[in-house]
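I would like the entire structure built from these sequences, with the hints used as guidance.
As a plain string of letters, each chain reads:
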Amino acid sequence: MDAVSHRPIRKASNLSNSASNFVRFVKNRKSIVAGVVMVSLVVAMAILAPLLSPYSPTQIHPLDRLKGIGSPGYLLGADQQGRDILSRLMWGARSSLAIAVLPLTISGILGLALGSVAGYVGRLPETIIMRSMDVVFGLPPILLAIAVAATLGPGLVNLVISLSIVLLPPMTRVTFQVVTTLKEQPFIDAAKVSGASTPRIIFDQIIPNSLAPVVAYGASLAGSMVVFGAGISFIGLGIQPPQADWGRMINDGREVLDLHPHVSTLPGLAIFVLAAGFNFLGDGLRDLLDPRMRM
Amino acid sequence: MIALLIRRTLFLIPVLLGGSAIVFVLIHSAPGDPIDALMGMYSSPQAREALRVKYGLNDPLIAQYFRWLGLVLQGDWGMSIQQRVPVLPLVLEKFWITLILTSAASLFAAIVGIGAGIVSAVKQNTWIDRTILLVSVFALSMPPYWLGLIGIFIFSVKLNWLPTGGLYSFSGNNGTLDALRYLIMPAVVAGLTPAAIIARVTRAAMLEVLNLDFMTALRAKGLSERAVILGHAFRNAMPTIVSMTGLQIGYLILGAALFVEIIFSWPGLGLEIYKSVVGRDMPMMLGLVLFSTFVFVILNLLVDIIYRAINPRVRES
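As you go down the protein sequences, you meet chains Z and R in turn.
Mapped onto the working numbering, the consecutive letters of the first sequence carry residue numbers 1 to 295.
Mapped onto the working numbering, the consecutive letters of the second sequence carry residue numbers 1001 to 1317.
There may be inaccurate statements among the hints.
What the hints assert, rightly or not - Computed beta-carbon distance windows for the label pairs:
id : chain 1 : residue 1 : chain 2 : residue 2 : range
1  : R       : Arg1219   : Z       : Val157    : 58 to 68 angstroms
2  : Z       : Val193    : R       : Ile1298   : 45 to 55 angstroms
3  : R       : Phe1066   : Z       : Arg254    : 37 to 47 angstroms
4  : R       : Ile1154   : Z       : Arg131    : 42 to 52 angstroms
5  : Z       : Asp258    : R       : Ala1050   : 51 to 61 angstroms
6  : Z       : Lys192    : R       : Gly1279   : 57 to 67 angstroms
7  : R       : Leu1230   : Z       : Glu255    : 44 to 54 angstroms
8  : Z       : Leu51     : R       : Ile1154   : 28 to 38 angstroms
9  : Z       : Leu41     : R       : Ala1217   : 47 to 57 angstroms
10 : Z       : Asp258    : R       : Leu1004   : 48 to 58 angstroms
11 : R       : Ala1227   : Z       : Ala113    : 45 to 55 angstroms
12 : Z       : Asp204    : R       : Thr1126   : 43 to 53 angstroms
I should point out that these hints are in silico values taken from the structure, not numbers from a laboratory.
Quantities reported herein were computed from a predicted structural model and do not represent experimental measurements.
Note that CB positions come from ideal geometry on N, CA and C, so glycine has one too.
This is the structure:
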């Protein structure tokens, strides 16, 4: 899915002492600022949709079908059924954000747990966990997600489940790589000598210290997840009509592309803005949390 | 090297077994009871039970899996519900059509991506480098299904330069030039995201080499800048670039090409997957997924072998 998925992530600087780096960083790097602005714009749209959207996203106005951009009452025009595109974009921001953030969070938490156990304990748990991840990792990700989503049936929850399954192997592998270098560090020996049990060490030392590179990795994937998740909605397996969803809106607008291009291109622009925002943010976060992977 | 080849090839077995098991579980958990389809809703419980026994549907799942695997290995991949034809021959036919598109897209992605990556690394921190990086982030964020629509709107609807989709025209002479007109837009759209990723990886790999001491030594020896960069820096960065390019081609065949085929009505595997999803044609869809898994796994193996063959640092280990 992304360039970084096969590169080992080295140990990152500690989150706490990078607080002062952060201020310096934001001054130097415009990309992280651009990312925050673009993502915040979409988040604000999603949160404020009930207050700001001019109409309900599913409300049909048969007389106002295919109104152009800037028509009175329809700032961004209306679709084939006369639904207000601006309102649908605002409400659709919710599912697009959910598709990007939820699978990354779920697979991140599970991957962190599995990767820590496999990396720190080693032996049999490592073999079982890592080899089964290798099998899933060997499958084409987009098709796996489509097959799982098609089997579970359409809907946001099922889409989130299928994307989480696809993301779990890379997340586990990245954690595993971080943990195998981490466990050679002196402070782990110190914890052992002081009598800490294995679960204690994993929870108190391993997981907190591998968090930063895993978060950086997850952030670098968020942009691709927006494009990818909306793509699955685009083929009809995500959020179901009449609910507003960006990927779905592109597909619905395809049939009127020649005369009313705004119907399908505006939701695409929204996907692009959110994905670019996440990609800028992901690049920035990676530089911040994992300086040795700087592009 | 031979031992490694054998070891890597043997590793295909668990991956393919695991992959096919996942596909099997998906078939099995798909909604609907096959007995309903065969006998209707109003059949007697005794008759239904007899049929369940006859088709082995009461057997343990693992026994059913191996029986299914046996059929798959013999080339019996079931029938497409929508098209009423055997799945495997149809999948193979569509594969070649997809291969045309992905080969063209891969070529585009490799040339543009590696070229841009080298220029970006050589001109590090100049406006050229910054522009390439910015364009690559944009290209990475652009949904291929959206870019395709914009391309169709500009080049087909407004300018009328290129066809909106399909494989070739009915009226044209069906020559190479005609086919190329149909190929160019889908190939560029499908290749853009991989090109961006390849450019970023190439840049990073080149920078790593360019900062090493032997670069200075080569320049001190009097080598031309061109020889230093292409003859030495690029050669050293090549294993990373090649393996990432190969991986991207794997994702491309199965990812971007899927959406691009839908947008441009390119009659390959991707369009077939879309039709099977829309028409709830599970045997067809799972056949497509199984076949693609096979292609993906083989391709990854090839990439790994090439990576080791051109990288002396890992060749011996």
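Right, here's what the structure says about each hint:
1. In this structure the supplied range 58 to 68 angstroms holds for R/Arg1219 paired with Z/Val157, their Cβ-Cβ distance being about 59 angstroms.
2. Z/Val193 and R/Ile1298 have their C-beta atoms about 49 angstroms apart, which keeps the hinted 45 to 55 angstroms range intact.
3. Between R/Phe1066 and Z/Arg254 the beta carbon distance is about 44 angstroms. The supplied range of 37 to 47 angstroms therefore holds.
4. For R/Ile1154 and Z/Arg131, the hinted distance range of 42 to 52 angstroms is satisfied, since their beta carbons lie about 49 angstroms from each other.
5. The hinted window of 51 to 61 angstroms between Z/Asp258 and R/Ala1050 holds, with their beta carbons roughly 57 angstroms apart.
6. Here the CB-CB span from Z/Lys192 to R/Gly1279 is close to 59 angstroms, well matched to the stated 57 to 67 angstroms.
7. Here the CB-CB span from R/Leu1230 to Z/Glu255 is close to 49 angstroms, well matched to the stated 44 to 54 angstroms.
8. Separation of Z/Leu51 from R/Ile1154 is about 37 angstroms and conforms to the stated range, judged on CB atoms against 28 to 38 angstroms.
9. For Z/Leu41 and R/Ala1217, the Cβ-Cβ distance of about 50 angstroms falls inside the hinted range of 47 to 57 angstroms, so the restraint holds.
10. The supplied range of 48 to 58 angstroms is met by Z/Asp258 and R/Leu1004, whose beta-carbon atoms lie about 55 angstroms from each other.
11. Range check, R/Ala1227 to Z/Ala113: Cβ separation about 51 angstroms, and the 45 to 55 angstroms hint holds.
12. Separated by about 47 angstroms at the C-beta atoms, Z/Asp204 and R/Thr1126 satisfy the suggested range of 43 to 53 angstroms.
Of the numbered hints stated above, none is contradicted by the structure.
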